[in-house]
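Visitor: Okay, here's what each chain looks like letter by letter:
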Amino acid sequence: MAVPGSGLAFELKIPFPSSTLAKIALGSLAPDPEPRKGGITKELNVTEDTLHVRWRAEEARILRVSISSFLEHLSLVVETMDLFGPPMA
Amino acid sequence: MPIVIGFEGSANKIGIGIVRDGEVLSNPRRTYVTPPGQGFLPGDTARHHRSCVLTVLREALEEAGLKPQDIDAVAFTKGPGMGAPLVTVAIVARTVAQLWGKPLLGVNHCVGHIEMGRLVTGAKNPTVLYVSGGNTQVIAYSEHRYRIFGETIDIAVGNCLDRFARVLKISNDPSPGYNIEQMAKKGQKLVELPYTVKGMDVSFSGILSHIEDVAHRMLSAGQCTPEDLCFSLQETLFAMLVEITERAMAHTGSSEALIVGGVGCNERLQEMMGIMCRERGARLFATDERFCIDNGAMIAQAGWEMFRSGQVTALEDSWITQRYRTDEVEVTWRD
Numbered sequence: 001m002a003v004p005g006s007g008l009a010f011e012l013k014i015p016f017p018s019s020t021l022a023k024i025a026l027g028s029l030a031p032d033p034e035p036r037k038g039g040i041t042k043e044l045n046v047t048e049d050t051l052h053v054r055w056r057a058e059e060a061r062i063l064r065v066s067i068s069s070f071l072e073h074l075s076l077v078v079e080t081m082d083l084f085g086p087p088m089a
Numbered sequence: 001m002p003i004v005i006g007f008e009g010s011a012n013k014i015g016i017g018i019v020r021d022g023e024v025l026s027n028p029r030r031t032y033v034t035p036p037g038q039g040f041l042p043g044d045t046a047r048h049h050r051s052c053v054l055t056v057l058r059e060a061l062e063e064a065g066l067k068p069q070d071i072d073a074v075a076f077t078k079g080p081g082m083g084a085p086l087v088t089v090a091i092v093a094r095t096v097a098q099l100w101g102k103p104l105l106g107v108n109h110c111v112g113h114i115e116m117g118r119l120v121t122g123a124k125n126p127t128v129l130y131v132s133g134g135n136t137q138v139i140a141y142s143e144h145r146y147r148i149f150g151e152t153i154d155i156a157v158g159n160c161l162d163r164f165a166r167v168l169k170i171s172n173d174p175s176p177g178y179n180i181e182q183m184a185k186k187g188q189k190l191v192e193l194p195y196t197v198k199g200m201d202v203s204f205s206g207i208l209s210h211i212e213d214v215a216h217r218m219l220s221a222g223q224c225t226p227e228d229l230c231f232s233l234q235e236t237l238f239a240m241l242v243e244i245t246e247r248a249m250a251h252t253g254s255s256e257a258l259i260v261g262g263v264g265c266n267e268r269l270q271e272m273m274g275i276m277c278r279e280r281g282a283r284l285f286a287t288d289e290r291f292c293i294d295n296g297a298m299i300a301q302a303g304w305e306m307f308r309s310g311q312v313t314a315l316e317d318s319w320i321t322q323r324y325r326t327d328e329v330e331v332t333w334r335d
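In the order they appear, the protein sequences are chains L and Y. The first sequence maps to residues 1 to 89 in UniProt numbering. The second sequence maps to residues 1 to 335 in UniProt numbering.
Don't read these hints as lab results, they were simulated from the structure. Mixed in with the good hints there might be a few duds.
Lysine-lysine pairs mimicking BS3-like chemistry, simulated, CA-CA at most 30 Å apart [as the list claims (entries may be wrong)]:
id, chain 1, residue 1, chain 2, residue 2
1, L, K13, Y, K189
2, Y, K169, Y, K185
3, Y, K67, Y, K102
4, Y, K169, Y, K189
5, Y, K67, L, K23
6, L, K23, L, K37
7, L, K13, L, K42
8, L, K42, Y, K198
9, L, K23, Y, K198
10, Y, K124, Y, K198
11, L, K23, L, K42
12, L, K23, L, K13
Computed from the model, here is a short list of chain L residues facing chain Y with C-beta under 7 Å [stated by the list, open to error]:
id, residue
13, A9
14, G27
15, D32
16, H73
17, L74
18, L76
19, F84
Cβ atoms here follow ideal geometry from the backbone N, Cα and C, with glycine treated the same way.
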C-alpha cells in the first residue's frame, strides 16, 4: 500500500543460512505494526533464504527511526537463533 | 504434564520463568534501576531488556534443568505495558517458539498477576486488588471474565509513589516503593493530604501534585521530616485502596481478598487490608516480592491455564499492545 505523496523508499535484502531461518525471522519481525498511525508503511516477505523488507515514508525522520529499530530487532533475532537454534525438526 | 515458559518485560523488569503443573521450576529476573530522581523511559528500558534477555533465558532453562525440547508452550506478555520493552521480549519469545516448534501464548499481564496470586496463595475466588506502577484495579471474577469493579481514573498508585520518591531523590534501588516503605516506618506525624475516592474509583494525581507542592516548603520550614511525608502518603493511599476493596467485597459477598502487583508486597498495605478483612470475617491472601513484582513465572502460569483450556496464539496474532484491559480476556479456564 503506497502512502499518498510519499517520496522516500528503502529496501533491505537479508540473506539467511536457510529458508527455514528466513521464515522464522519473518515470523518474529512481522506481527507488530508500525507504532505510528500513518506516514510510513513496511512490507516484509521471504523468497527462498532471503528476507526482503521495503519501506515507504513521507519523512526521512520517520523512515530513519523505523529502519534503526528494525535493525536492532533483527540483530536480536539473529543472536537468539545463534544461541537457541538450530531449528528442531 | 505441560511445561510452559513465560517471558515478561512490560515495564522495568525482565523475567523468564518456567512452570510445570503449578510448580515454579525457575524464575530469574533483572531490574532496570535508574538513578535517584529519574524514572525509566521506554527506549532505555528496551535496551536494558535487550542486553540481558538471552542470559536470563539461559538461566531459566539451566535452573529448571530443562532442555528446549522439554518445553510444551511459550508464553509472553502481549500487553498492557510500554511498547518498546514489550516488543523486545516478544521477539525473543516468537523466535524460540519457532526454533523449538512450540505454540505461542499471548498473555494479558494483569491476568498473569491474578493467576500467579491464586496459585501461590491457594485463594479460590478472591476479590483482587491489583496495585503496581502502571495499574490500580479492584477485580472480581464472574462469568468467564475478570471484571473491574473500580480502578484509578488517572495514575497508578505505584506511579504516585515512584514520582514522589523522585521529588525527594529517594533511591530506586531495589525499588522506590521499598525505600518509601522503610522510611515510612520512622514517620511520626500524619500530614493531611487530599483523600480522593470517587465511588468505586480512586484518583492519585491530585495527591501527587499536592505533596509535590508542599514537600519542599514543609521540609525547609522544619514542619515535618521526609519520613513523615512517606508515612502520610502511604497511610492516605492505602486507606483509599482498602476502602474500595471493602466496597467491592460487600458487592460480591466475597470472603477472600487477594493483593497482587508490585505495590502488593508493601507490608503496611497488607497489614491495613488484613485489619479490614478480619473485621469482615474474610481472609487476606498476599505474596512476597518474588511473585508480587513482575516475573516470568506469572506469565508462564497464566499461559499454562490458557494452554490447558485449549488456547494458542497464532504468530500473526502475536502483536503486542500497550493497552489491554483485564476484562478483555475471556477466561476459558475457570467455571
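Visitor: Failing hints, ascending?
Guide: 1, 8, 9, 13, 17
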